[in-house]
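Each chain, letter by letter, is given below.
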Amino acid sequence: MAIAAALLLSGCIFTPRDPDGPPEGDVTDWETPINTSIVLQNLTAAFEGEGLQNYKDCFTDSFRFHVDPSDSLAAGQEAEQRYANWTREDEEHAANGIFTVASDIDLSFTTIQEPDESSDETYRIEEYELIVTYEGGASEEVYYRGQASLHMRRDGTGRWAIFRWVDRRLTDPPPNTWGSLRGDYRD
Amino acid sequence: MRGVLFLLLALAAVVLAAGPLFAQQDDGDDDQEGATGGGDPLAGTYRRSPRSHEAEFHPNYKLDYTRDQDVSTWKHNIQMNYAFTPKVIFNSSSNIVLRENEALNRLNRQETWNAGLNLALSDAISTGIRFQRSDQEDVRNPGESNEVRTFRERESFDLTTDYKTSFMENVGVTLGVNGGFERNEYSDVKSTGSSQGVSASLNYKAPLGIETSFQYSGNHSLLDSKQGSAESKDESYGHNLSGHVEYDWLENSFVVDARRGISSKEYPKEQQTELRRADTEAVNLNADLALLEDLSTAISVGYTRNKTEYDLEESKDSDLTSRSVQASLAYKFGETRFTAEMSSDKKRNEYYDIQTGEQYSNALGASITHDFGENVTAVMRGRTSLLSHHYDDAESNDQDRDLFDQEATFNLDYTPRDDLKTSLYVKVREDNLIYIRTSRTGDNKTSQTYTIQPSITKNFGSRVVVTQKYGLSADYTFYTYDPDSNFLIRNFSINTGLTWKPFSRLKLVFGHTYRSQDEGSYVEDEDGVERYGKNSERDDNSLDLSLGYKLFDFIDIDVKQSLSFQKRWAIEDGEKRLSWDKFDTTLTGKASADYELPSGTTLKFTLARVYRDATNITERQREVWDISLNIDKTF
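Chains as they are written, first to last, in the working numbering: chain F, 1380 to 1566; chain Y, 271 to 905.
A couple of the hints might just be wrong.
[What the hints assert, rightly or not] Which stretches of chain Y does chain F cover? Using the computed rule of at least three CB atoms under 8 Å from a CB of chain F, they are:
| id | stretch |
| --- | --- |
| 1 | 420-426 |
| 2 | 445-458 |
| 3 | 620-631 |
| 4 | 671-680 |
| 5 | 744-756 |
Quick caveat, the hints were computed from the structure, so don't treat them as lab data. Heads up, the beta-carbon is just placed ideally off N, CA and C, and yes, glycines get one too.
Next up, chain Y with everything else stripped away, as it sits in the complex (with noise of 0.2 Å):
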């Protein structure tokens, strides 16, 4: 708190000396207004009088407080942002969240703080100040024998200066630089030191409609740190360079992107200090070609190398390598819409233990959308794909697995009248794991799965909508070892929903969904001939009812009762014996206002009960109150 109020203190100076200049400056606005009169081009730029400053101070702030259950959560938000002259701008953040949950006992505050003044000494260069703190605090058993605080807290103190020019509308350079101080706390490590930084960035526009642009930001930070008994001098530093090169060719695009990284940080732990090293590399090159009328084709190729090494724990160290190449293509033929993409990665991952390997990514997908008319609209998509593990150390690491999985889809949409809608969606997935080692092909199965939902859409004048939809799945898996153990479930829904509007404010919803499912084994008889024994049954209702009505214009009142069971039973020498019957219901009242008073500050309130019954329930969860308060003003 004594930076803040440090602060506040140097920025009251700082207006108080930047008084007589600003007044200078709003005479010298206003003698222009007077010579400029209503026509001048930069009216609301520099016509400015103290009176109008005065009125620019807008203060913002936001509450939010929501209360869900056992968590009760406070958010305070306040942005200030003040004009002093157009070339003297002050602005600020805080955000406090506060959050405490009754169940855990437990209290967790997180503040963050943000303070600038940014001074535009010409059109080219800015300076400024900058301040910025961040405190975050877990406290378990608040004021209890057995109270545990952890903590962290930050804070930044900084100068910055900016300069950004442009040379023949072909060139713009910019250039900045901080430095400043920082102090860290956390469980028994303190820190203060001095950081700063430096960046850069060139753009230009050359000849044939190349462009280009180059960044660079590097950084600095020397912190004396000190860890219980132990102290050290921790320093560290970040340098990032990146390019990015575009070249557009009639109706051809051609961009390539680069960037290298590295950094060093050092920092205290368990009474030492480590050193983390960091290493980053990635090129990318993409072309969107059109090589022909209604073909359009994109190929992309990319590299990324990560590699980070620790002085103290070793074991973390890793250097990641990963090269993709990505194609689609997407043709128009009539009515007819074809669409192809490929993909191809490999990952080299080295690590210090037997997790090092490689890792093929490869896939293949194609779709076919075809306009039968204005009614109809059919949709075909195939994929399929490998993924493959392989580790170097076989002997010590038996995870060697490749995924195979393969997709296809079909869509139908059909509208035969403007008041109905039909649609027909059938999908066959199947996914094979296969490990490798023998340690580990017992996992190895095949998972097989049928989809097919189709959907009708009914409009009754504009104040009814009726829909419903059915699904019908199998999904069967087969262990390639163990065909003992193959299984099927099977799942069945009908979801129904109707929708009556009898006037503007009020709105009634309807939702019955039934569930209906079985699983079993799904093994060869005597004969040889794959049978179903069916296990277990399960059957779910569930039923939605909820009205909407908007009262006043500002205020949505929304009542829910939802009702639903479920009972499974099991399947024993042919005979069905119910395993259990569980029910579930709540009933859900809420009101929310959303209003905007005549200065312009919003309100949003929300308030909701929520009632529920339902079998094997805990007390706390019968009854829920759910309150959310928003404020937002503006002074």
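Bound conformation, chain F alone (with noise of 0.2 Å):
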């Protein structure tokens, strides 16, 4: 009967709704990740496209952010709100969050370290460049430069994710990091 019930229950709870209609915008470049640079590739593309699902794949269910020990200290009393145990929902809600707020988004890396891609986990270390221009007033360009130290684990069918990402202030300046961008739309 319980069997018979879930079954019932089932139908009604596990129908997904119908999509509006066809798209009306180009699809955003999705590639199955098969190794590590169609993750940066897929993850470029959809914070740029705001695809907020696509760049959520990008991460493993036990990601971690580590931030900057700087931007850390910087915060003062806030630091354990803003980046103390962050998690893939952490992740997706400050880019959603981001997303928001920003009317255009370029992102780029810059391998700094190649991967060992011969084994289940590697990591590779790039350079990034954010560029968010802000919706409103003087629709002003902000930089985002940082040192990512991306650790990826591949799955039993091939496909990498990020399981983590110690990030890094460069030492030039601008002195803003991802990171840093990251803690303010946290909550």
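Dock chain to chain to rebuild the complex, using the hints, since each chain is given by itself in its own frame.
Below you can see the structure in the form of structure tokens.
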């Protein structure tokens, strides 16, 4: 009876909604992430194209973000609520928050250290430059630069995803990192 | 550091002043020992001599040093616990971490100091003093003209008093109060002031086996803060109340948990005073029911609400509410076990912006496990889930979407003989991403994954084990509105492993992995038949050889050689053209020792040298020393 009830119930609560219709715009570039470079391509395309689910799919369920120590210290008493125990859900919420205020996003990565993809876990070091044009007023472009150690893992079907992002400020200015921007949109 | 010095002086004064008292206590203890002899039931508790007290003072020091490529880390940990008498106990700990990153030219230091003196005035009442200090500093380009330093310091000093008692074995009460001073400094902010706290708990074991417990904790602080030229008086407080009721009836168990908390915190922010108010509440009901023999069920209902408001940054205001229900059952009949679980969750997220909306999550899963005799076990699992994001402002927020996932797995373990194990794993999974708004539906897609993984493990005597595992998977992606973008990834892999222990001190491991992958479009041809057009192929070969040897019973020697080749070909007009050819080889030599001296001090030492050569490698990566030293010394 329990099984029958569950099956009956499943017919009601497991019916996805119908979409409004065919797309008005282009398909966001998404490729199955069979290597770590494609993860970066997908992440860039999803962030620039504000594709929230594709962006979220670049990270594993156990994802953790580690902010630069200087960003954490500079946040003073807000450090814990801005950065502590950062999960994939926080990443999704922060990205969505940035999407809501940005009229244009430009993101690029420069590889500093190539990964060794012969094992199921690896990392690559990238310098990033993120340019966000904010909506309203002056439509000002703001630059965020930093270095990210992106630790990635390959799942059983050969798809790669990021499970740890260690953010570091660059030696040269400007000092704003993507990590500090994330903290602004965590809540 | 002045605070530490002050504390040490204070503690020294306490120790000196307490000396005669402790001596008297010790004399009494000695008398007691003489009177009671070896059969004293309090032996080890009160029979202490001054000399034995000295013997009890065992500071413990741990040192860790690790160096991994560009980053070296020193960790110092010192613990001191000293019972002057069983009722007067001093404890302290300090933890210092120094991290240097040569590549980024950065120094990072974290220090945490704790010290406390606890005095048990009676069996029910204890009091004490407590000092805490934390200091964090991050320096970029140290000693250079462009040096940048960020830091955060916090010190607090508290007096504490705790009271605990019980009545009629059914009622337990604890009360605690503390008050003291604190100092904070970070960036251009300095604050000093006082803080107070109170806590209470009540445990009551009622008739009929009902157990209850209630806790309250509250705190308050008033700090004089200064940020640049702006001064403020910042008041903060928090109250937390929680309750737990548990009732067992026959084989059934019922639990209710509830908590409520409010807090208000003022702090300097950009020359103004920010006020953060938080309000949380949660209730959870759980029932574990044994309705029939071999049938167990559980149901849980939960509610949480977290509300946060800011005075200055109103855009960060949020009000998150969640309601959930979970149920599960497990039933065993004969050699078959059946489990099922379902969960349903509704969240209402109120934000200041267009992220306000609701999130629904439902999941249903079931499994059947059956033992076919002693050698064969089969497990079937199925799971389906739907996660729906609904945003209130559909005009401005087009991220409304459903994620509908279904998965079925089958696992078969067959052990025909003690020295032979086989298994088969099959998985079928489908993920649907459905954006609702037309501006996003271009991303709508269905991913289907088919996986099959047989494996075999064979033991040749007790010294040789051979395993082989095969993997075959196909990963289809179908775009709802753009079928020309459909594609397919296929993976094939063989993992082979051989472990040989010629004798107990020596272990040899051989491993080989072969991976083959191809990907391409999967679209309909002119006849309406879906066909696969391969775009690229990739082969990975990885070979690992390792040798482990134990020297003198405490030194482990490991040598490992890894070699991998990766090739990728592009397929154009049916022709296969090499895109790239990469290699990666690593030689690792590692010696580690784990040794305990007769004094009890333990030494752990690891020294590893990694030599790597690969396509597109930097000089910095080519040779890496990893050193780890751990000394655990008890004085």
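Structure-based check of all given hints:
no.: 1; hint: 420-426; result: holds (count 3)
no.: 2; hint: 445-458; result: holds (count 3)
no.: 3; hint: 620-631; result: holds (count 3)
no.: 4; hint: 671-680; result: holds (count 4)
no.: 5; hint: 744-756; result: holds (count 7)
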